[in-house]
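Asker: If you want the building blocks of each chain, they are given just below.
Protein chains: 4
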Amino acid sequence: MQVALVGITGYAGMVLYQLLQNHPAVSGINLYDHKLTKASELDQVVPIFNGNQTPVWPYDDDAIIKDNQVVFFATSAGVTAKVAPKYLAAGFPVIDLSGDMRLKNERQYLKWYNKPAAPAKFLRQSHYGLADLVSAKAQTYVANPGCYATATLLGLAPLVQNNLIEPDSIIVDAKSGTTGAGKTPTPSTHFTQVDENLQIYKANRHQHIPEMMQALKRWNEQIPAIQFMTTLVPIRRGIMSTIYAKVRADITEQMLTEAFTQTYQDKPFVSYTGNQLPDIKQTVGTNQCAIGTVYNPVTNTVMVDSVIDNLLKGAAGQAVQNFNQLFDFKETQGLKLQPFLP
Amino acid sequence: MQVALVGITGYAGMVLYQLLQNHPAVSGINLYDHKLTKASELDQVVPIFNGNQTPVWPYDDDAIIKDNQVVFFATSAGVTAKVAPKYLAAGFPVIDLSGDMRLKNERQYLKWYNKPAAPAKFLRQSHYGLADLVSAKAQTYVANPGCYATATLLGLAPLVQNNLIEPDSIIVDAKSGTTGAGKTPTPSTHFTQVDENLQIYKANRHQHIPEMMQALKRWNEQIPAIQFMTTLVPIRRGIMSTIYAKVRADITEQMLTEAFTQTYQDKPFVSYTGNQLPDIKQTVGTNQCAIGTVYNPVTNTVMVDSVIDNLLKGAAGQAVQNFNQLFDFKETQGLKLQPFLP
Amino acid sequence: MQVALVGITGYAGMVLYQLLQNHPAVSGINLYDHKLTKASELDQVVPIFNGNQTPVWPYDDDAIIKDNQVVFFATSAGVTAKVAPKYLAAGFPVIDLSGDMRLKNERQYLKWYNKPAAPAKFLRQSHYGLADLVSAKAQTYVANPGCYATATLLGLAPLVQNNLIEPDSIIVDAKSGTTGAGKTPTPSTHFTQVDENLQIYKANRHQHIPEMMQALKRWNEQIPAIQFMTTLVPIRRGIMSTIYAKVRADITEQMLTEAFTQTYQDKPFVSYTGNQLPDIKQTVGTNQCAIGTVYNPVTNTVMVDSVIDNLLKGAAGQAVQNFNQLFDFKETQGLKLQPFLP
Amino acid sequence: MQVALVGITGYAGMVLYQLLQNHPAVSGINLYDHKLTKASELDQVVPIFNGNQTPVWPYDDDAIIKDNQVVFFATSAGVTAKVAPKYLAAGFPVIDLSGDMRLKNERQYLKWYNKPAAPAKFLRQSHYGLADLVSAKAQTYVANPGCYATATLLGLAPLVQNNLIEPDSIIVDAKSGTTGAGKTPTPSTHFTQVDENLQIYKANRHQHIPEMMQALKRWNEQIPAIQFMTTLVPIRRGIMSTIYAKVRADITEQMLTEAFTQTYQDKPFVSYTGNQLPDIKQTVGTNQCAIGTVYNPVTNTVMVDSVIDNLLKGAAGQAVQNFNQLFDFKETQGLKLQPFLP
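Chains as they are written, first to last, in my numbering: chain A, 1 to 342; chain B, 1 to 342; chain C, 1 to 342; chain D, 1 to 342.
Chain A with its partners taken away, still in its complex shape (with noise of 0.2 Å):
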């Protein structure tokens, strides 16, 4: 199979490169490029990949559709939302790494992202891929969750799909490493900032919020809101979400294990390791989700912990997952991936 990449230039789509480079199902990988006017080689357009001289494309929307059978863009907001509608008006399959194609509102996207947002008719025929929970099968346009939406819903789900907390309680404390903020260089993700600090940053603002919200309203609607704060740790890649629930008064705390145990036992990249909390590095490397739980008798709140790698699971990774869903493959191919251990 023949597939389209556009954006080999941002973390995530250089992560998704290695990946596809491994995928038995992948035979060939066109990249693309917005930024190119004319043909170039992928070594001149990202240095790290010295001595590779495969050729990177202009972004070309006819090109990716002849020569190809599934296109992935790990662009930044605003691109797809420009294209999406071309490629699910010809029934092409397209898994978006970018947030353009995850709300179902207008609105709510030109809220969060300051951008105008695709057509409603096209935002309606995009799946939001949270894989572990929901399959791709068939679909054509897969928009790909975002990482910080990936490791909260993902704690939240057998919580809040078994009604086993007070709806209004969730505070979410949620920590990255540099490789979520992107590969601008910025004074925030200078090492002279990031190093020896800690830096909370889009208090209340952050654009996962509307994402995590229409899912969860998707599987609770009483859920009204949830307190979602994000810290910039010094770390490259990972993800943290520290996740703070009220229980019900009714619920005890064997059925809160048994919720997540049911709701993950089958799923090869999900791993409840119940009052066992998992680091992050367990998970670095790997497309996996690492979830730990620890009820608190005292306060009556339950903690979920868990963790991700922000490039993999929160993109690239989760974009195959979706990929072999999609086509039918079996789900962890191209995914067999070891932590990064020591």
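Keep in mind the hints are simulated off the structure, nothing from the lab.
This structure is a prediction, so every number in the text was calculated from the model and none was measured.
Be careful, since some hints might not be right.
Because identical chains cannot be distinguished in the list, a pair is counted as satisfied if it fits within a single copy or across any two copies.
As the list claims (entries may be wrong) - In silico lysine to aspartate or glutamate, EDC-like type, Cα no more than 20 Å apart, as pairs: (1) Lys336 x Asp67; (2) Lys202 x Glu253; (3) Lys217 x Glu331; (4) Lys86 x Asp60; (5) Lys104 x Glu331; (6) Lys82 x Asp62; (7) Lys246 x Glu166.
The hints should help you fit chains B, C and D onto chain A, whose structure is shown.
Answerer: Just chains B, C and D now, with coordinates in the frame of chain A:
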């Protein structure tokens, strides 16, 4: 003034020694250590003090009382529980950085520290020295607060003392660097384990929980409990205590910010920065606590970001501040420190 | 093929286990450990392999020989010096990641390792497996090179083998992350000590010096000695060996680059990048050694920058490469690894 | 004394400002900046000085001379080359942290800095202020040495001045943290790039090479050149300059250590620690240079390990030391700093 310092081998003792050397009221520092059986020299006991041949004496209560006017204990749990009564009986001033004399209740100490407490009559004579909110003036025995407790209580005080939040809604997600975990090499403080990782530890079991509850209940007896979690982050120094609470129905955002402003406007060592959320870096190297707040009307939640240098405001700096109060020196004496920028 | 692995508890053993699991010629891995007295399970012995209940057996030569076709030792110094003779006597294939069987001279081993060596007759039968320069094909006992030795010897080989530099002018300033220092927690690997620090260690005393001299002298008997220094840097994985040497009077810059090009042009695991100096990051996660060179006409000095992942090319990766050579598998089998980017 | 500071926006200016605030001879600090066109406030110009409303004025030579008794320039290359003549003509004291007035030779400046130099007659009037080896007393214009130059020259001085080493054998492998690379965000100082990485940069092209050669030749005209390499390491502050040289035939190890001892025994800011090799950490936070040496009889090579805090001894600290010398204050005034331990 001659001062005694017991426990130079730990991180807090090391930093306290540096502060006392620069304190204008201190004419000499006598060092004592429990592990010695005969006198040694500082750079033999703590190699990093290369070239410093100040004597270090075996621990000896009588010598301390005879040759000094005050003693600082920077010792681990279990040491001062045994010796505090002697100093209290003698009316000799003590500033105790350990947790031994913070709790008024013997059983609480036994439960959280798993060691026998000092007798209750002595515990009652100890002053819990949260120096920015209560003065140690004319006290004999000051129990210097724990690092997490300091950051968290200073962040909560305006809310709890002014009854602005729902009493059962407090959730604290606190993060600390490795100096908070002590100097002894362990698997969980090995560079290979800490680096590029986040580790939740002592979930619901951190020994600073009871001292926080003791203070909170004194401020507002309606507070039933707090949810308190600690995560080890790959930095050396600094604590960020991220605090969440539901705001009471009749309370406005302005009332929240006014409470912080009024509580701290005359406090030289607490900076309230409104909704400019402080980074850890702004306080590292100083005795400052910096606090920012953001109110979220969607969830009716206030988030407090309270940051300190765990070895200064969270240990040695606050100890000197208590020393200044106890002897009625100017509060900022010996503590005009600049943040370690950039 | 059934393979035995002794020493899963160390960093190199852990990574080797991951590689062997993905190796197409390996049908089963039997784990053995010297510290066990009865069989256990992997996640009991190494908690990071959470959920993996593969049995780990007490070390037993006879069982290893009976149940496997090859054994990998990822053990610390002193272990294989004792057991190597038995395997050699039995003609059973061994790949030994420790330093015990690298030196041909018993007294050298005793001097640098401070332990008794294996008998000289067995040392002579061991093959020093610097896999990119000499094949282990048809060998019985492969002594896998040390991590520093690998990076340094690959950087020096074209210069020394082609007699391009002044023999007494070699200076190596090597830098390594903490995984090179092993898993046991020590004061010098405590996060607080490593972080924001550089520490020179084992000045002129590093045990890889004699194995490098043994190889260099074999290539060019004029080399009298090398100046070799090691600095611990705050990273987990990776070695950079920065090598300096005076260029011989009649040698041109072009002759230098040609020597590197010719030595490595057909080597799948060594990349010569000319005067593009490689970062450590380009090799971490792979079995690659990347080498760049810069000639300075002002000082008549060539600087070689040789970087590897110390746990892969410097340990487990090269071990698998030797395994492939020994059994005449394709050299790259099980080693098509992508760098851990970004 | 009123002092002017130009360039508070850079790292060195920031730290210099902190030092001058604590200097007993400084009654007021007037801040000026080239980028301003009208007066501003410090926390507007440098947000980290949150709450500090000290005015910052547009740069103005005449105002500086009229309102101050000395000016410190912490500006980037190219600024003082233009304005130095005016101050020299006026006989107004300047301490210049930039590289503009360090080289005596106009063409050398043009070659290494790629900018036009100040006229040679002014360059000749500038004093190269390597403060531990030569006093700035009664000078007008002090060119404060570069950070790498300071660590390297202090490490080499005893060897070169006493003619103990082979003149053409000097090799310097210097390592620096990111504050040495400046505040402007770039791809090579992005956290994701620096973290877990080592990067060699400016191979044989570092602009501190000519100022080192100028000093070395003055000390010993036989020195033809030095081999000087720089590696960026994942730390914020600190330089380690690792220096190698062949020892002259008639020189003993004792003569080496005596040369260091004698050169530095009365110097308050240089510590010679013999063969105890200093870590970077011992000097960070102070104006100290710590130097250790190890002689290797096998290679007849001396290795010098010279460490400093690049922003203090390598910039702002040495600038204050020069200020003290220039005005004949006690050399240690305002510089009694403790290392930032642990």
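Asker: Within, between, both or neither: how does the pair Lys336, Asp67 come out at a Cα-Cα threshold of 20 Å?
Answerer: This pair counts as neither: shortest intra-copy Cα distance 28 Å, inter-copy 27 Å.
Asker: Checking Lys104 and Glu331: alpha-carbon separation at most 20 Å within a copy, between copies, both or neither?
Answerer: neither (26 Å within a copy, 51 Å between copies)
Asker: Indicate which option fits the pair Lys217, Glu331 if close means a Cα-Cα distance not exceeding 20 Å: within, between, both or neither.
Answerer: Neither, since 27 Å and 53 Å both go past 20 Å.
Asker: When no copy is specified for Lys86 and Asp60, does a C-alpha distance of 20 Å or less occur within a copy, between copies, both, or neither?
Answerer: within (12 Å within a copy, 59 Å between copies)
Asker: Treating 20 Å as the Cα threshold, decide for Lys202 and Glu253: within, between, both or neither.
Answerer: between (34 Å within a copy, 19 Å between copies)
Asker: At most 20 Å between alpha carbons: which applies to Lys82 and Asp62, within, between, both or neither?
Answerer: For Lys82 and Asp62, the Cα distance is within 20 Å only inside one copy (15 Å; across copies 57 Å).
Asker: Within a copy, between copies, both or neither: where do Lys246 and Glu166 come within 20 Å Cα-Cα?
Answerer: Both, since 6 Å and 13 Å are each at most 20 Å.
When held up to the earlier numbered hints, the structure conflicts with 1, 3, 5 and fits the remainder.
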